[in-house]
Amino acid sequence: MVGAPVLTSRSLTRRIAGPFHRVNGLGAVAVLSAPVLWLLVVYIGSLVLLVATAFFKLDSFTQKPTSELTLDNFDRAFTTSVFWSTIFRSIGVAVSVTLVCLALSLPMAYYIAKIAKPRVRRALVVAVVLPLWAGYLVKGYAWRAMLEPGSQFGASASGGFLKSVFGWTPGFGLVGVIITLSYLWLPYMLLPIYAGLDRLPPSLLDAAGDLGARPGRTFTSVIGPLLVPSIAAGSIFTFSLSLGDYIIANIVGGKTQLIGNLIARTLLAPNQPLAAALTLWPIVIVVLYLIAMARLRAFESF
Amino acid sequence: MQLSRVARFSLRIVTYFGLAFLYVPLAVVVVLSFNKATSLAWPPRGLGLQWWERAADAEGPRDALWTSVKTALAATGIALVLGTLAAFGIHKYRFFGRNSISFLIVLPIALPGIVTAVALQATFGRVGFDLGFRTVVIAHATFCVVVAFNNVIARLRRMQPNLLEASADLGADGFQTFRYVTFPLVRSALLAGGLLAFALSFDEIVVTTFTSGAGFETLPQWIFNNFSRPNNIPLVNVVATVVMLLSIPMAWLAQRLSDGPASGKV
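Going down the list, the protein sequences come from chains A and B. Sequence positions in the first sequence follow our numbering and run 1 to 302. Sequence positions in the second sequence follow our numbering and run 1001 to 1266.
The reader is advised that the hints may include incorrect statements.
[To be verified] Away from chain B, derived, C-beta distances all over 10 angstroms, residues of chain A:
| id | residue |
| --- | --- |
| 1 | L58 |
| 2 | L71 |
| 3 | R76 |
| 4 | G159 |
[To be verified] Now the in silico label distances, taken between C-beta atoms and shown as ranges:
| id | chain 1 | residue 1 | chain 2 | residue 2 | range |
| --- | --- | --- | --- | --- | --- |
| 5 | B | V1030 | A | F166 | 18 to 24 angstroms |
| 6 | A | L71 | B | F1103 | 25 to 31 angstroms |
| 7 | B | E1059 | A | A52 | 23 to 29 angstroms |
[Unchecked claim] Covered stretches of chain B (chain A as the covering partner; in silico rule of three or more C-beta atoms under 8 angstroms from a C-beta of chain A):
| id | region |
| --- | --- |
| 8 | 1090-1103 |
| 9 | 1250-1256 |
These are calculated hints, taken from the structure and not from any lab test. The beta-carbon is built from N, C-alpha and C at its ideal position, and this holds for glycine as well.
Put together the whole structure using the sequences plus the hints.
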């Protein structure tokens, strides 16, 4: 019998493996302790320390946090009007980017999922995924080349691609930031919507048609509601990633300041306690957004 | 639903416009890397290989590339181990707080990079770690765990549970089942997760900037530090083109290995 030696062997591995089956929970502890400890110590620990840092007063001479406790940093972070306008601008950018991505993704995803032939469909999906790998900074830099307004004097007088091909460029500023961020995160919105449409049974669309719905009505009454979780899932990326971004504002934003710029500048000032208090802004906004999207069943479509 | 020909045609136009939107900026950078002039002006003033030759000799980008590769490899290694363990644990066991672990794993990537950056910088300062290679690897590994985890757990969920039962029925112990059944089935998911983690680390700049300290420069940092220096614009064009070219085989491989919508698997 071939199986016999295995069945009767009391090998070392078997003796080690035994208790993991017999003792309830031992296996779970063995497997999960390393990742959970790492994330708790390194990440959650850091976040707790971050919030704690915000309670300390800054020594105005050494510019290091002292051991004196204060609530001034929170007061400044949440009541300064310049900060408020930066927060509103950042939320405005994140919402605009989400809407631009949605406006492009809906028709593109519909064409790819429901109209393109199967062979073309696969090629189109790959074409959408491929730019994700091209590198964040490379893409930000590419938009610098696109948006370059040129100047009256010097070598770059003729301007970048948009200026010389279309005769117009928004230049470096808020619009440039919104375009570049939409460019960066478009696939993150398109792919969940595509997956949602792909799952949609064609018979539902036929049924709507048989009941007399025109395409517009089918979209608003059948496709739209069924796509809400996918759109919510995609918007988590477009909204959260845009909200915290400040590198793109540095590259194509001209003088535009977003929350990220504000925190980075405060940190480099250096005023670590105030920077720590300011990070509560994006944390609170992102967590509220995640909760709202969870209610739209965004996480079920991942 | 029967769309009119005009509607289908419009959808097609929007789709190809969207694809042009995705690819034209990248193509512009590739063309500009052969530009003879030192500006981002379009059209280029004559094409040549001179900046590629200069880039081949430049030490800055080469050192930065090596730093990026070392950091990404180390971070990927740690993330794969942690992410795989977490995926197996969550897939196999049911316990109180199971959902909070998934949340814990996603959090480092869900919160903005600048939050992670400020938090880790404060911690490394408190603990007394000198900022450098070690701190960057710890930081990168933390937000890379999620991609390893996602890939492995997706594969485990698709795996037939009766394979494990069959293995046990044939007398295999836990280790043997892992070695001969589970591991071969998740191997390609591990590779795909590893590639994604590598790309994520290779691409990162915000957390890197605040956890790296002086004298440490990854390739994204090099690009960021040089794009505004007019003399270095041609070099940045070449380096950006190289990064794009390097990404193509990685993307192709990841696509073949993953279970995503474009993998071609049913």
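Numbers of the earlier hints that this structure fails to satisfy, in rising order: 4, 7
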